[in-house]
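4 protein chains.
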Amino acid sequence: MTEPVNVAILGASGYTGAELIRLLLRHPHVRIVALTADRKADQAVGDVFAQFAGVDLPRLTTIGELEIDAVDLVFCALPHGTTQQVIADLIGRKPSLKIVDLSADFRLADPAAYEEWYGHPHQALELQQEAAFGLVELNREAIRSARLVANPGCHSTTSILPIVPLLRERLIHPDQIVITSATGMSGAGRGAKEEMLFSEVSEGVHAYGVGRHRHTAELDQEYEKAAGRAARATFTPMLLPMNRGIYATITVTLEAGATAEALHAALATAYWGEPFVQVLPFGKVPHSRHVRGSNNVQIGVIADRGPDRAIVISTLDNLVKGASGQAVQNMNLVCGFDETEGLGQFALFP
Amino acid sequence: MTEPVNVAILGASGYTGAELIRLLLRHPHVRIVALTADRKADQAVGDVFAQFAGVDLPRLTTIGELEIDAVDLVFCALPHGTTQQVIADLIGRKPSLKIVDLSADFRLADPAAYEEWYGHPHQALELQQEAAFGLVELNREAIRSARLVANPGCHSTTSILPIVPLLRERLIHPDQIVITSATGMSGAGRGAKEEMLFSEVSEGVHAYGVGRHRHTAELDQEYEKAAGRAARATFTPMLLPMNRGIYATITVTLEAGATAEALHAALATAYWGEPFVQVLPFGKVPHSRHVRGSNNVQIGVIADRGPDRAIVISTLDNLVKGASGQAVQNMNLVCGFDETEGLGQFALFP
Amino acid sequence: MTEPVNVAILGASGYTGAELIRLLLRHPHVRIVALTADRKADQAVGDVFAQFAGVDLPRLTTIGELEIDAVDLVFCALPHGTTQQVIADLIGRKPSLKIVDLSADFRLADPAAYEEWYGHPHQALELQQEAAFGLVELNREAIRSARLVANPGCHSTTSILPIVPLLRERLIHPDQIVITSATGMSGAGRGAKEEMLFSEVSEGVHAYGVGRHRHTAELDQEYEKAAGRAARATFTPMLLPMNRGIYATITVTLEAGATAEALHAALATAYWGEPFVQVLPFGKVPHSRHVRGSNNVQIGVIADRGPDRAIVISTLDNLVKGASGQAVQNMNLVCGFDETEGLGQFALFP
Amino acid sequence: MTEPVNVAILGASGYTGAELIRLLLRHPHVRIVALTADRKADQAVGDVFAQFAGVDLPRLTTIGELEIDAVDLVFCALPHGTTQQVIADLIGRKPSLKIVDLSADFRLADPAAYEEWYGHPHQALELQQEAAFGLVELNREAIRSARLVANPGCHSTTSILPIVPLLRERLIHPDQIVITSATGMSGAGRGAKEEMLFSEVSEGVHAYGVGRHRHTAELDQEYEKAAGRAARATFTPMLLPMNRGIYATITVTLEAGATAEALHAALATAYWGEPFVQVLPFGKVPHSRHVRGSNNVQIGVIADRGPDRAIVISTLDNLVKGASGQAVQNMNLVCGFDETEGLGQFALFP
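Chains as they are written, first to last, in the numbering used here: chain A, 19 to 368; chain B, 19 to 368; chain C, 19 to 368; chain D, 19 to 368.
FYI, nobody ran anything at the bench for these hints, they're computed from the structure. There may be inaccurate statements among the hints.
Quick list of the computed label-pair ranges, beta carbon to beta carbon [what the hints assert, rightly or not]: (1) C:D65 x B:Q61: 48 to 54 Å; (2) C:D56 x D:D128: 55 to 61 Å; (3) A:G72 x B:E273: 36 to 42 Å; (4) B:R49 x A:P139: 56 to 62 Å; (5) B:R186 x A:G209: 43 to 49 Å; (6) A:E85 x C:P97: 44 to 50 Å; (7) A:T287 x D:R247: 38 to 44 Å; (8) D:A283 x C:E83: 51 to 57 Å; (9) D:R57 x A:R247: 56 to 62 Å; (10) A:G82 x B:E273: 48 to 54 Å.
Here a beta-carbon is modelled for each residue, glycine too, at the ideal position from N, C-alpha and C.
Please model the entire structure based on the sequences and the hints provided.
Here it is, written out as structure tokens:
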């Protein structure tokens, strides 16, 4: 029998923290030994998230109280910017520690790109170089041997997975990628802001971060890697009146000779046998509700009316494959567990 | 190792059918061998419920095609009224068959009560007498040895669990029970009706079946059993713009000498150690979202401003503990499995 | 032609403030001359509420900047507690000022009741005595001659209107009134609180203020007045995942000789000819969506299965008849306009 | 005083029919003399749409019962395909009749385009040639003198208004227009279909009609007219879990020398003084909720990160400016009323 791994979750009172708890409680090889949440320290998890009422879990503590010796692996679900210092400290204290980081701090390998998109120089440059980009299906081997995995963004995961194989195969034009990526509200976190109130959001829709959303930098990085040259996506995120789900509608322009069917075939081939990526039959349109609560991605390819364009649609649950589920998938690789362990739940529909 | 049980689901294209599939696919001792759906026969499950795209499952068939010899246990998720004949036939053909019935057909032990509430004489009187009422926490031993279990209604489960211990202990007045029971839309099923369209339901609320909802008959039966005399609840169901969840607000009048705290203590005692019933601390108000997708029931007791009344609130997921989850719980008892097997998922929140 | 009344709205950046603007912009006899919002002073209304982009409206100011001489009537949409001092000051500076107050500060005529429910002595006792309770259909004449009108609470309006005629006619038992009153989220205001985030509220329901909601005091006051003796309602409010609407399900016990039909007849008689109260045919169940955005109340009476109880259901839009619409109705009376002026819009459904 | 126009609504039991009633009841120059709804004939409108309970309106009849002599103008809210025959008959019987048609039957001026998109030859070719395309802001003069106005589609109106001025000014590339157009559920009508049930739609999103939605034909027609050459838009509609609202995110490629600011200026100029079109300040993102229930369109222009593209966002209420509101606007022109008459209501937010 596999020895259980002792896990700490930093930032356990947010939605990705709660989702990690939900998943890890069903994981056969994980023991949750510490949960931190600075503003809610000393509270029971069941008081912060009543779905865990009565479950045997450590009380919330501050990060300062974390006893790192007892921990094998840390999930870091802290805000962007502050994370890099926290992780540098942790690794300084315990170099053997494994870390799966859900923030954006280690996703961009290029320090200049980081500085451009985040507005300040990176504070942990060596770790930034060391970190593996945690999009499992595209980077599995590097992750297995990584100490620090940078879990990709939810929008990024949704739009990287269906496009990278098409760029690799030179099927689509790297400069003509147009994405609208609609997300549920849980992606905006649990901070109390007027614009996230139910009454502000329900029964309506709006775009945000238009022309400048930071997940674009992750698209640039991965698209360029795949295309062998700089790519150019126009990326428009939207907020929908729903809790979970990302739904990317990607309009692509085909390279000469390519067809929508060829795009579909390339994706079907690329993800053949992948446990969490389902390429639907050609022409079939995915629905976000069919991945809700699961670690699945569903991808569809549909021909446009003219022969030179196609619409690629990709959907996942932003809290699972877009965050905590993928983080567990990364942990499974890092720890040598079966990659699907703890991630077998099917979507909750309706 | 336990021998797997071969299971058929009749009525697999409805929401309770899909929910059974979701749960049973994660159950270590179950093999799904047949799925029927007369109007969608010959379709793949993944075409009817895309959350199961790519999952290895039997194709949908008609009931007529069901090969009963290969089946150990049947979940019957068919409409009320037609079920009794179907089950009588099945048991006629294979008397050793185990059945968990999710319809209302075998819930009322009294033939007269059945005829009064359903408007026609029961067609399978012997089986009606034989059936065990499948509210596990109140009837566990009878279920263990049953061949036919009548899974209770979703509203009924929500309002029976918190009230029966109070009646047994003579803490509340049996004639002064006032219930509003608000439910999400999935309880209304997947039939295409104008009044269930998104545009008709969203951003609004209304009561239905006022003064005459059939689940009242189940309340009468179980309340009387507990009180040792006829009881009288006024029961008003409401439809809310959400998919899942039942939320019963029950106003009770205390018997002389009783207090709201005593009610809370009685419930805490009655459900001590129950894996799926959580009695919250006195005065704490449950939220339906904290049980969504799980088999849990959360119950709260709150004092009214006067000393003679209290408010008891009970919530569960109508498709899980209110239907398919409880059906699996019943199956576990009938088959001698651990009662919690396959039901360990936590609520999906947000 | 009627001379226009010059109106100021204090607290214009909240939802009731925005709703007042929406209604008053269509009112033929009103000129909006001042809008205050301390935390958003100096902003254009169109920046705070983009539905008014491009509309000619005064900029938001602080209350301190209000030029009272130019104002004939003030709508006061400020928080409870602070309002009484603000209004006392305004009336001190300009005794001829008319005021419609949407806070709870002047609703309770009894200083002891105020102190009990709000936890501190009233700061403007004379004005408290002077204020007219602004539930128009029950207090029309007093309002016409009032200088200060206390607009009733949203839950209160919903539950007072259908019950007062029944108590007056001695048709129901004053001690056996059980109310659940489900409300949309806009009633909770625009303050940024975690528990009001979309992700916390959507796809779920919960009760709040159980056994101690302050609107109960208004029920006590009006029910006692109608019954000629103290009454006793158990009142449980609930929050639903919708923006607008209150839906009160009221279970009543009939006095000897009364019938559900008699209740219906009493309500139909009481509200005959009322422009904003619609008593539906006996047995018909109201839906909140059919009053959304209008100043209407729809009331239904349904028989329970036993002869001694009935269910009375009442619904309105919490921001219109439950707040700003009723405030305009009060203004119309105070100013001698046609009572329906500016309130003719029909419900927005779907 | 203007003489009232006698109006009939054909197809009054659908959502656009109800919306016409809502608007026309507040119109000072309209008398509703007939309402048809074949499947609900003989019912009172208040039974079909309870928001009109108690309002004095004609009973629903069949089309066959329509007394055309008493009618000056017909709103035709019937299904596509059957409408052309109905209208040809009506005009045959009464050539002086004015008609505003909300179906798609007369929107395409080119018979070949009609046949291509609708799969059958047009049955009323002369009327097709005669019909004015009812997008008021772009075709006002032709509408004023028209007998038959073809109200444009909801998606079409949303995407034509912000793009036509840009094509006219040669600011954007006609072949590089990528649109995702997200719509609320009311646009899908009131027919009972499984895929429109609340439980199927809530908490999720999906695209539909990808690559082949019929509103694309209207875009082609109007874009070509504006560009002076064939244009090419890729148009992907999506269904959102909300009742009302269309939200088009349009990614455009700039012609050499053009800038995002120039696009904004062109739109601001084109719609200067228009009562129902609001071009927001440069860079500001519209929200659908700020036009809900109103006849307004709000348009924003945002620069992409590269200099050669921009994002144009356009939003309106699909039942108002996208259907019944624009139909009333067309009626106002046809009848010589003030264009804004009956359309002054502001958005209902929240």
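Outcome of the hint check:
Checking the proposed 48 to 54 Å range against D65 (chain C) and Q61 (chain B) shows it holds: the Cβ atoms sit about 53 Å from each other. A hinted range of 55 to 61 Å for the beta carbons of D56 (chain C) and D128 (chain D) is consistent with their spacing of about 59 Å. Checked against the given bound of 36 to 42 Å, the beta carbons of G72 (chain A) and E273 (chain B), roughly 29 Å apart, lie outside it. For R49 (chain B) and P139 (chain A), the Cβ-Cβ distance of about 58 Å falls inside the hinted range of 56 to 62 Å, so the restraint holds.
At roughly 46 Å, the beta-carbon separation of R186 (chain B) and G209 (chain A) lies within the given 43 to 49 Å, and the hint holds. Separation of E85 (chain A) from P97 (chain C) is about 45 Å and conforms to the stated range, judged on CB atoms against 44 to 50 Å. Checked against the hint of 38 to 44 Å, the pair T287 (chain A) and R247 (chain D) passes, with Cβ atoms roughly 39 Å apart. Range check, A283 (chain D) to E83 (chain C): Cβ separation about 35 Å, and the 51 to 57 Å hint is violated.
Distance hint check for R57 (chain D) and R247 (chain A): the Cβ-Cβ separation is about 60 Å, which falls inside the suggested range of 56 to 62 Å. Distance hint for G82 (chain A) and E273 (chain B): a CB-CB separation of about 52 Å, consistent with the stated range 48 to 54 Å.
The structure shown violates the earlier hints numbered 3, 8.
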